[in-house]
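Asks: Each chain, letter by letter, is given below.
There are 2 protein chains.
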Amino acid sequence: MRDLPFDLQQTLAQRLGPDGWLTDADSRRRYGEDDSRRWALADAVALPRTVDEVVAVVRACRAHKVPLIARGAGTATTAASVPFDGGVVLSLARMNRIVALRPADRCAVVEPGVLNEALQHALAPHGLFWPPDPSSAALCSIGGNLATNAGGPRAVKYGATRDNVLGLVAVTGAGDVIRCGGAYTKDATGYDLAHLIVGSEGTLAIIVEATLKLAPRPQAQAGLRAFYRDAASAAAAVSRIMARPATPAMLEFMDRSAIALLRRNGSDVPDAGAMLLIEADGDHDTLPYALQALADAAEGDGLVSLDVAADGAARDRLWAARKALSPALRTIKPGKINEDVVVPVSRIPDLVAGVEALAAEFDLPIVAFGHAGNGNLHVNIMYDDGDAAETARAQAALPRVFALVLALEGTLSGEHGIGVAKRDYMAQAFSPETLAAMRAIKAALDPDGILNPGKVLPA
Amino acid sequence: MRDLPFDLQQTLAQRLGPDGWLTDADSRRRYGEDDSRRWALADAVALPRTVDEVVAVVRACRAHKVPLIARGAGTATTAASVPFDGGVVLSLARMNRIVALRPADRCAVVEPGVLNEALQHALAPHGLFWPPDPSSAALCSIGGNLATNAGGPRAVKYGATRDNVLGLVAVTGAGDVIRCGGAYTKDATGYDLAHLIVGSEGTLAIIVEATLKLAPRPQAQAGLRAFYRDAASAAAAVSRIMARPATPAMLEFMDRSAIALLRRNGSDVPDAGAMLLIEADGDHDTLPYALQALADAAEGDGLVSLDVAADGAARDRLWAARKALSPALRTIKPGKINEDVVVPVSRIPDLVAGVEALAAEFDLPIVAFGHAGNGNLHVNIMYDDGDAAETARAQAALPRVFALVLALEGTLSGEHGIGVAKRDYMAQAFSPETLAAMRAIKAALDPDGILNPGKVLPA
Numbered sequence: 001m002r003d004l005p006f007d008l009q010q011t012l013a014q015r016l017g018p019d020g021w022l023t024d025a026d027s028r029r030r031y032g033e034d035d036s037r038r039w040a041l042a043d044a045v046a047l048p049r050t051v052d053e054v055v056a057v058v059r060a061c062r063a064h065k066v067p068l069i070a071r072g073a074g075t076a077t078t079a080a081s082v083p084f085d086g087g088v089v090l091s092l093a094r095m096n097r098i099v100a101l102r103p104a105d106r107c108a109v110v111e112p113g114v115l116n117e118a119l120q121h122a123l124a125p126h127g128l129f130w131p132p133d134p135s136s137a138a139l140c141s142i143g144g145n146l147a148t149n150a151g152g153p154r155a156v157k158y159g160a161t162r163d164n165v166l167g168l169v170a171v172t173g174a175g176d177v178i179r180c181g182g183a184y185t186k187d188a189t190g191y192d193l194a195h196l197i198v199g200s201e202g203t204l205a206i207i208v209e210a211t212l213k214l215a216p217r218p219q220a221q222a223g224l225r226a227f228y229r230d231a232a233s234a235a236a237a238v239s240r241i242m243a244r245p246a247t248p249a250m251l252e253f254m255d256r257s258a259i260a261l262l263r264r265n266g267s268d269v270p271d272a273g274a275m276l277l278i279e280a281d282g283d284h285d286t287l288p289y290a291l292q293a294l295a296d297a298a299e300g301d302g303l304v305s306l307d308v309a310a311d312g313a314a315r316d317r318l319w320a321a322r323k324a325l326s327p328a329l330r331t332i333k334p335g336k337i338n339e340d341v342v343v344p345v346s347r348i349p350d351l352v353a354g355v356e357a358l359a360a361e362f363d364l365p366i367v368a369f370g371h372a373g374n375g376n377l378h379v380n381i382m383y384d385d386g387d388a389a390e391t392a393r394a395q396a397a398l399p400r401v402f403a404l405v406l407a408l409e410g411t412l413s414g415e416h417g418i419g420v421a422k423r424d425y426m427a428q429a430f431s432p433e434t435l436a437a438m439r440a441i442k443a444a445l446d447p448d449g450i451l452n453p454g455k456v457l458p459a
Numbered sequence: 001m002r003d004l005p006f007d008l009q010q011t012l013a014q015r016l017g018p019d020g021w022l023t024d025a026d027s028r029r030r031y032g033e034d035d036s037r038r039w040a041l042a043d044a045v046a047l048p049r050t051v052d053e054v055v056a057v058v059r060a061c062r063a064h065k066v067p068l069i070a071r072g073a074g075t076a077t078t079a080a081s082v083p084f085d086g087g088v089v090l091s092l093a094r095m096n097r098i099v100a101l102r103p104a105d106r107c108a109v110v111e112p113g114v115l116n117e118a119l120q121h122a123l124a125p126h127g128l129f130w131p132p133d134p135s136s137a138a139l140c141s142i143g144g145n146l147a148t149n150a151g152g153p154r155a156v157k158y159g160a161t162r163d164n165v166l167g168l169v170a171v172t173g174a175g176d177v178i179r180c181g182g183a184y185t186k187d188a189t190g191y192d193l194a195h196l197i198v199g200s201e202g203t204l205a206i207i208v209e210a211t212l213k214l215a216p217r218p219q220a221q222a223g224l225r226a227f228y229r230d231a232a233s234a235a236a237a238v239s240r241i242m243a244r245p246a247t248p249a250m251l252e253f254m255d256r257s258a259i260a261l262l263r264r265n266g267s268d269v270p271d272a273g274a275m276l277l278i279e280a281d282g283d284h285d286t287l288p289y290a291l292q293a294l295a296d297a298a299e300g301d302g303l304v305s306l307d308v309a310a311d312g313a314a315r316d317r318l319w320a321a322r323k324a325l326s327p328a329l330r331t332i333k334p335g336k337i338n339e340d341v342v343v344p345v346s347r348i349p350d351l352v353a354g355v356e357a358l359a360a361e362f363d364l365p366i367v368a369f370g371h372a373g374n375g376n377l378h379v380n381i382m383y384d385d386g387d388a389a390e391t392a393r394a395q396a397a398l399p400r401v402f403a404l405v406l407a408l409e410g411t412l413s414g415e416h417g418i419g420v421a422k423r424d425y426m427a428q429a430f431s432p433e434t435l436a437a438m439r440a441i442k443a444a445l446d447p448d449g450i451l452n453p454g455k456v457l458p459a
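Those protein sequence lines, which keep their order, are chains V and D.
Using full-length UniProt numbering, read the first sequence as starting at 1 and increasing by one per residue.
Using full-length UniProt numbering, read the second sequence as starting at 1 and increasing by one per residue.
Just so you know, the hints here were simulated from the structure itself, not pulled from any lab data.
Glycine included, every Cβ here is placed at the ideal spot set by N, Cα and C.
Incomplete in silico selection of chain V near chain D, CB under 8 Å:
| # | residue |
| --- | --- |
| 1 | Gly182 |
| 2 | Asn374 |
| 3 | Ala437 |
All chains should be modelled from the sequences, with the hints used to inform the complete structure.
Replies: Set out below in structure tokens:
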């Protein structure tokens, strides 16, 4: 927290107008928090409407070495957009136009403030969708999805955000507008700056326009729910399923404690060591074959029971258990540390066994579930945040979870990003030389270090 | 061309041994050329066997500011690995081990010298393949595929090289070993250095190991060959085909002059304005549906005739015309400028019309064919390289092709890369600010500018 230079304030107040430059206490607080429940006071909030206005903000901040924190819809779980050092929060909420829908080129050009769900609505009449489907889709912005390389269950078939971006326009920390990629799906022309900026959490450049790769909407979905004796049997089924040419549209896992939690909360699920939710999408002619093939692959040692949902209503019943899980978590303990770790698919059983051992060691419930086809599991350490001893145990368990994941050749985050929540584990995930290369790239695009300082890279 | 410092020669000769450090004239010439038919004399050729040896070469070259040109199998068409300024050519041919096949994780870990086809052979028993399929697959190395972001016909469904890489180990121009990504398919952890280095043609870092994303082999393929009145009708069919949920496994285009050439050379094809070769892959149960759906989408205004190949032998007959094309090109004129430009799919008709106009203006045959589903067409300017006037006209037509492509919002290269062949057009493809950002990234990873100087980025 600092006082902004008078010159900067005057310049930007005039450039952005009274609804584009906010300095009241409520705005500075409101734009200074995200879904991590952490917050800090911004010194001012900029709400530009154009690329030129973004450039003006970046240049003014650079001239005065003032931190500049780009912000989407504030749904991050990592405090990635919290202005811990004060400075200017630049909200992209008003840059929310869909610039062009290009069905013949299977792409859309959007400003970063467009909400994920708003884009999906606009695409539906064209029979298209944009694959990233984070659970916050109704609230989160495309810009935030791009900044964090957001994912969701569909990523197993369609990829995460980075896989569904064709081009970007962005403003670097030097105040330069750069443009790379475009309305095409194959590109061997120069350095791939677009995909470098995706997932960089506003530390390299501020995304002001994106060309998004779209996918045709399948006619129908059908699904399976399979219960297994243990996580190892379920993981073996995941490998069998992923070895088939037709990749499932979703492939979700729940561990023993997640299933036990659902049973305690009245869900109609059997007592089992692990569960898979498996979904196929496609057309009416071929979907029955896809479903049968997935059922065949789900079959194997350790399978306890298998439910098939060939139509929409049955599918909704199967998915009800998955949807009930997050609310049910709150019934265990008020506090939750939810990390979205990734391991190679073959190491899922080791991850689940390791997490069970940590739950016993720290005497806390730990619930694991998530996107098994990508080896991307949400590990939820549950604790009473009013109980100092439990809070301390939860905080002590967290580094052990990351150490376990890294020992299994996995990585820290699959879809939430690093922010500050996981920043201090980066030095365990990467060698000093690799971190030095990341820092050199940061310095190349943001020479004065004004863009979202203190995020992603450890000090 | 320069004399190498004595100290560098002595250090590396000792470190690499007599079969790892070559200075004879034949080797210096042989490792100094690629498939562009351009060449220059290297001052020495290094053939390391280990990452440590690569590091030793980079550090020695950096200490003496000597150019270091990484080289795969020398099949590039852009002179990307030709040592125009002399220096050390570092061939990765002896780093050719398949480090690990991990079918349960659908990935393989390889050294860069493994040939594309050798990897495919090793994967076949596991029912897996690596999607990039450049026409040089029998000869080219994985390292070269990575350096150029190589593609091929399968990219329309499976993506090009960048889309099929999960992680890299590379040695930067600073001599540091960096490691990013791994045996997992979802990653929101720090900057994506792996995909930045893919396609950078040895100018940012030298790839010494890669974790490759594998795809399950489909049981079968089936295909269609459709002839259209003109390129516009064919391009409309491409958009219809690409709007279907099931993406074809290949979607190749030939223009009027390619068809005329085939007819003159005795191929059994009708007189038409454009041709599409469309292929589906999948399993025996569902392939007939996929084929029917593609046939339905191929149907439309301007369709002249449609052949279906439901089995392997019929498929080979359909593809024979495509395979006959490259040899047939040589029968027109001895000289060929082959550029792999990209345009948005909807702009293919404009590209083809523009190329026809240029052929008339410059009085030279120009043949266009290629990967229509990606908007990635090979534009072949044919000329007599013994005729000075024709050669001059061909060279004058080339910048007009690139200007046309850029006016259509396309880009210079889809799968060959830039090298020196397209380097001087980069300033038309990118803004000065975007090029400056690329240069800053180059300086970040290669602070002394020793890695493949003079390639990709214009002076």
